[in-house]
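Protein chains in written order, with the numbering used here: chain C, 1 to 559; chain E, 1 to 559.
Treat the hints as calculated values from the structure; they're not laboratory data.
Heads up, some of the hints might be wrong.
No copy is singled out in the list; a pair is fine if it fits within one copy or between any two copies.
In silico EDC-like cross-links for lysine to aspartate or glutamate, where the CA-CA straight-line distance does not exceed 20 Å [what the hints assert, rightly or not]: (1) K336 <-> E241; (2) K346 <-> E253; (3) K344 <-> E261; (4) K120 <-> E433; (5) K397 <-> D476; (6) K120 <-> E438; (7) K315 <-> E305; (8) K336 <-> D354.
There are 2 protein chains.
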Amino acid sequence: MEVRAVGPAVITEDTDRLAVKALEQWMSLLGAEYVITDDSSRFAAETATFATTQKVLAILRPGCRDDVRECMRIANCFRIPVYPVSSGKNWGYGSRVPVTDASVLIDLSRLNRILDFNEKLAYVTVEPGVTQRQLFQLLQDRRSGLWMDATGSSPDCSLIGNAVERGFGHTPYGDHFAQVCGLEVVLPTGAVVETGFCRFSGSQAGPTYKCGAGPALDGLFSQSNLGIVTRVTIWLMPAPEHFEAFFFQCNREDQLAPLMEALRPLRLQGILRSTVHVANDYKVLGGIQQYPWGETNGATPLLPEVMRRLRTRLKFGAWSGSGGLYGTRGQVAEAKRAIRQALKGKVDRLQFLDDRRLAFASRFAKLYQLLTGWDLSQTLDLARPVYGLMKGVPTEKPLESAYWRKKSPPPPNMDPDRDGCGLLWHAPIAPMEGSHIEVVIEIANRILLEYGFEPSISMTLITERAVACVISICYDRCEPGQDDQAMACYRQLKHELTDRGYYSYRLGIQAMSEMSGTDGHAALIRAIKDAVDPNSVLAPGRYEPAETRACSKTTASHE
Amino acid sequence: MEVRAVGPAVITEDTDRLAVKALEQWMSLLGAEYVITDDSSRFAAETATFATTQKVLAILRPGCRDDVRECMRIANCFRIPVYPVSSGKNWGYGSRVPVTDASVLIDLSRLNRILDFNEKLAYVTVEPGVTQRQLFQLLQDRRSGLWMDATGSSPDCSLIGNAVERGFGHTPYGDHFAQVCGLEVVLPTGAVVETGFCRFSGSQAGPTYKCGAGPALDGLFSQSNLGIVTRVTIWLMPAPEHFEAFFFQCNREDQLAPLMEALRPLRLQGILRSTVHVANDYKVLGGIQQYPWGETNGATPLLPEVMRRLRTRLKFGAWSGSGGLYGTRGQVAEAKRAIRQALKGKVDRLQFLDDRRLAFASRFAKLYQLLTGWDLSQTLDLARPVYGLMKGVPTEKPLESAYWRKKSPPPPNMDPDRDGCGLLWHAPIAPMEGSHIEVVIEIANRILLEYGFEPSISMTLITERAVACVISICYDRCEPGQDDQAMACYRQLKHELTDRGYYSYRLGIQAMSEMSGTDGHAALIRAIKDAVDPNSVLAPGRYEPAETRACSKTTASHE
Numbered sequence: 001m002e003v004r005a006v007g008p009a010v011i012t013e014d015t016d017r018l019a020v021k022a023l024e025q026w027m028s029l030l031g032a033e034y035v036i037t038d039d040s041s042r043f044a045a046e047t048a049t050f051a052t053t054q055k056v057l058a059i060l061r062p063g064c065r066d067d068v069r070e071c072m073r074i075a076n077c078f079r080i081p082v083y084p085v086s087s088g089k090n091w092g093y094g095s096r097v098p099v100t101d102a103s104v105l106i107d108l109s110r111l112n113r114i115l116d117f118n119e120k121l122a123y124v125t126v127e128p129g130v131t132q133r134q135l136f137q138l139l140q141d142r143r144s145g146l147w148m149d150a151t152g153s154s155p156d157c158s159l160i161g162n163a164v165e166r167g168f169g170h171t172p173y174g175d176h177f178a179q180v181c182g183l184e185v186v187l188p189t190g191a192v193v194e195t196g197f198c199r200f201s202g203s204q205a206g207p208t209y210k211c212g213a214g215p216a217l218d219g220l221f222s223q224s225n226l227g228i229v230t231r232v233t234i235w236l237m238p239a240p241e242h243f244e245a246f247f248f249q250c251n252r253e254d255q256l257a258p259l260m261e262a263l264r265p266l267r268l269q270g271i272l273r274s275t276v277h278v279a280n281d282y283k284v285l286g287g288i289q290q291y292p293w294g295e296t297n298g299a300t301p302l303l304p305e306v307m308r309r310l311r312t313r314l315k316f317g318a319w320s321g322s323g324g325l326y327g328t329r330g331q332v333a334e335a336k337r338a339i340r341q342a343l344k345g346k347v348d349r350l351q352f353l354d355d356r357r358l359a360f361a362s363r364f365a366k367l368y369q370l371l372t373g374w375d376l377s378q379t380l381d382l383a384r385p386v387y388g389l390m391k392g393v394p395t396e397k398p399l400e401s402a403y404w405r406k407k408s409p410p411p412p413n414m415d416p417d418r419d420g421c422g423l424l425w426h427a428p429i430a431p432m433e434g435s436h437i438e439v440v441i442e443i444a445n446r447i448l449l450e451y452g453f454e455p456s457i458s459m460t461l462i463t464e465r466a467v468a469c470v471i472s473i474c475y476d477r478c479e480p481g482q483d484d485q486a487m488a489c490y491r492q493l494k495h496e497l498t499d500r501g502y503y504s505y506r507l508g509i510q511a512m513s514e515m516s517g518t519d520g521h522a523a524l525i526r527a528i529k530d531a532v533d534p535n536s537v538l539a540p541g542r543y544e545p546a547e548t549r550a551c552s553k554t555t556a557s558h559e
Numbered sequence: 001m002e003v004r005a006v007g008p009a010v011i012t013e014d015t016d017r018l019a020v021k022a023l024e025q026w027m028s029l030l031g032a033e034y035v036i037t038d039d040s041s042r043f044a045a046e047t048a049t050f051a052t053t054q055k056v057l058a059i060l061r062p063g064c065r066d067d068v069r070e071c072m073r074i075a076n077c078f079r080i081p082v083y084p085v086s087s088g089k090n091w092g093y094g095s096r097v098p099v100t101d102a103s104v105l106i107d108l109s110r111l112n113r114i115l116d117f118n119e120k121l122a123y124v125t126v127e128p129g130v131t132q133r134q135l136f137q138l139l140q141d142r143r144s145g146l147w148m149d150a151t152g153s154s155p156d157c158s159l160i161g162n163a164v165e166r167g168f169g170h171t172p173y174g175d176h177f178a179q180v181c182g183l184e185v186v187l188p189t190g191a192v193v194e195t196g197f198c199r200f201s202g203s204q205a206g207p208t209y210k211c212g213a214g215p216a217l218d219g220l221f222s223q224s225n226l227g228i229v230t231r232v233t234i235w236l237m238p239a240p241e242h243f244e245a246f247f248f249q250c251n252r253e254d255q256l257a258p259l260m261e262a263l264r265p266l267r268l269q270g271i272l273r274s275t276v277h278v279a280n281d282y283k284v285l286g287g288i289q290q291y292p293w294g295e296t297n298g299a300t301p302l303l304p305e306v307m308r309r310l311r312t313r314l315k316f317g318a319w320s321g322s323g324g325l326y327g328t329r330g331q332v333a334e335a336k337r338a339i340r341q342a343l344k345g346k347v348d349r350l351q352f353l354d355d356r357r358l359a360f361a362s363r364f365a366k367l368y369q370l371l372t373g374w375d376l377s378q379t380l381d382l383a384r385p386v387y388g389l390m391k392g393v394p395t396e397k398p399l400e401s402a403y404w405r406k407k408s409p410p411p412p413n414m415d416p417d418r419d420g421c422g423l424l425w426h427a428p429i430a431p432m433e434g435s436h437i438e439v440v441i442e443i444a445n446r447i448l449l450e451y452g453f454e455p456s457i458s459m460t461l462i463t464e465r466a467v468a469c470v471i472s473i474c475y476d477r478c479e480p481g482q483d484d485q486a487m488a489c490y491r492q493l494k495h496e497l498t499d500r501g502y503y504s505y506r507l508g509i510q511a512m513s514e515m516s517g518t519d520g521h522a523a524l525i526r527a528i529k530d531a532v533d534p535n536s537v538l539a540p541g542r543y544e545p546a547e548t549r550a551c552s553k554t555t556a557s558h559e
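Chain C extracted, bound-state conformation (with noise of 0.2 Å):
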């Protein structure tokens, strides 16, 4: 009997009948505070920023490893999916929601230990419930000399919940999932494992080295349904002896695929060792404020023409860069010369900013102006956090963006969940060539305006090679029908995109279906998710390809 299914609940008696007996089990196991099934819980669960329907049976809070193991055991003792969630904020591809109905919550918040931290070697050892905000307080108390890679996105959240879904941030630690190692994992039968070095008793090397001998399997342990992690080693970067962040403006949209092509060279020479993130109007004007109500009389979307007028008025341009710079005086000064040498001719304006000239600028803006031409007040406002994101800072302020759409400003404690706000997000990744770039660019544009949102996109370079376009769209889930134009928009962006050959690095919980195919990929995924998972129970349909059993089983019987 089993209770799997996407889409609308399919709860049977029988199902009813095994919950009801699992619940029993969860409970005598966790307490029955730490099994939440009360309505107005289960509702926030249920809800993402964007339309869901996939019912939420209850919240499991197991307090450790070996409470999570039982939790799956019970699971697969009655066949009753569950859903793992770190900190569960991962709006714009789905918070807490599962990928499949009638299913029970595991909550691993309460898995919140810092297990080991070493300042020689850099490194911090987590569980999943630690949050950005948790590390950066340790990293305060101990006035350690290492700096953290911190996401734009809450405090709060979770920093192997994004870790695992590979998420990136500011500074050169800026990959996530590339700077962890030593994974501990609880597979979906209960059954433990630990990756790397860690794996062998005694081992030394375990936080400091990636692989162990033999097949390194921490890759599959990222967004996928293959194991809970609860636990994994972060490597922190040593703070530089001297920081920098540059920022640059494009007044005309064409300037963006020139800029491409002198910014990738800086990449692949290793001038600029971090992320540098590039944003259009539209994402520069919501980290500002809220939509222009006023300005459009409540008309949306808000047209290219208005925004250019808003550009001119605000003062920022078609495009807006950041990177940071890292190293010694020396190195950041001659990172500077070459990128101001680079940049010549392809941006109309150019600005370094460190700790002292910030300072500087907060307590004199009026007067910096005077001196630089640079009205740094207005973007003072823009710029900190940022700027602070590049030193690892961690900020609340970005998540603003996300009531962009709202008629009224961002609650002291925001939760687009709760508070309605709209967002799917998509997240193509592209080659780092200006030419690739400008069909995404054009895409995202004509689409999300068709669809009567704006383009609002964030052009990540992630690598030496490739860049991660973020296209957010951003909508009010309490004006009617915005739900089901947003999902049309996300389907027709997507569709449009992957025609092109621009496929997301990652994916919402609507989206999971791309993960399909004929191909030996998803046949490789779906033997190696039957052979750990056999009763399907670990978040069913996340990042698993639909049924490819039948063509899986043809391949391997070639004889």
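Here the structure of chain C is known, so what remains is to put chain E in place on it, guided by the hints.
Using the frame of chain C, we list chain E on its own:
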């Protein structure tokens, strides 16, 4: 009927009958010339740089990926274990010799096409037969501005072979498996899997980005027997504006630990962006000359007191190190400043070398010595190939050291397997701390000398936090008893090192039992192997935990 076995051949009449039938089919597939069964070829394939007993039934030489798929289909039909090699030059770890007796080799050297080359995005896509020499030649022919990374093994080594074994080189792209993406893999059943974005039809980002959406599978095919890699994209580095190498020397053994402490911050801070290699005196001597039979009147091992005399005479230190600096002229100058400062008082000699100075020194070695006091003439022979490797120039020079204990000089066409060179490598990883390195060195020195071998050790600062301590047991296989003695030495070395928590990053065919264990990791690999290779025909035993099926079954049957 299975022919699977480890140890002496288990060739029964049934096996013979099946093998004959399989060979017939392979011959009809590939043509008789590409199914090699003559005694001398088989004997050569059964020969490594240490004692082995495994028999090779035949050598298949498929010409394309689809040949490989068909070869696997036939292997499955008749349950004949096959063992793929790219160039087969896995010297010190087992060369071409299969882990399991009575296997058929699949030699991939005919798959030697360079499928794609992109100067702008700095990558090349190759088949497993493509060698270091071939890629280097391509870059020369195209007058490319890109550098490859080369290992210190033969120019005729396969690029893919080294990458999937997770080998390393000398430039900032020295971690070979970290610099590949977009694998094409033939699974044991013959199915084809493409990884990353390559799995999606028409995808643009395949060669520029590691992961697609969903679980990252690349790691499964490194150090494994889960598939045959038939294509990868290798990232190349742009030649820097300026390159400079540094060489340093410590006269006393006890300078190593503080040296490591001084180097770690440079590596962590990104001042040193490439692997740094530190070699002991034995390793250096082995790079300069063969065993000093005269000096020792034919006695072995070369004792530390004799070594010290030779060191003084030949003017090298207890420790000799080298690394490369890559960047703009300003960046390199800045790195030099930081290195000088960090190594002050830690080393007895620190010398920088660039193209200009190398050319000068070669021409005026004597004069140079007068001017600088540094006698380059005798170390130039050693320095030049190392210098070249740091610029990605493959060289045959380091291979000569495999002939260390031989009594005649290395022949022009070196082949350590054929020439009876004894070589066993063990390469434990240690955290980058002086105290750890000292433990490894003490164990290696003591045990190798005790067993009558020279402790030839090089330490590679392979990442920001970890050191690969490569220990070689080098001997003459033609000396009676030495094969056994070397293997006993290896076992003791491995035993004491793992006892202290230092495990090898890579295993020879004699050491695959290290993969075993009753932990979840072993069970998971076993479960995946069972899923992808139901007949266990692909390289059985290679990086594969011994039977843990019982264990994995237990954990899977919780209910």
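Mind listing which of the numbered hints don't hold for this structure, in increasing order? No hint contradicted; all consistent.
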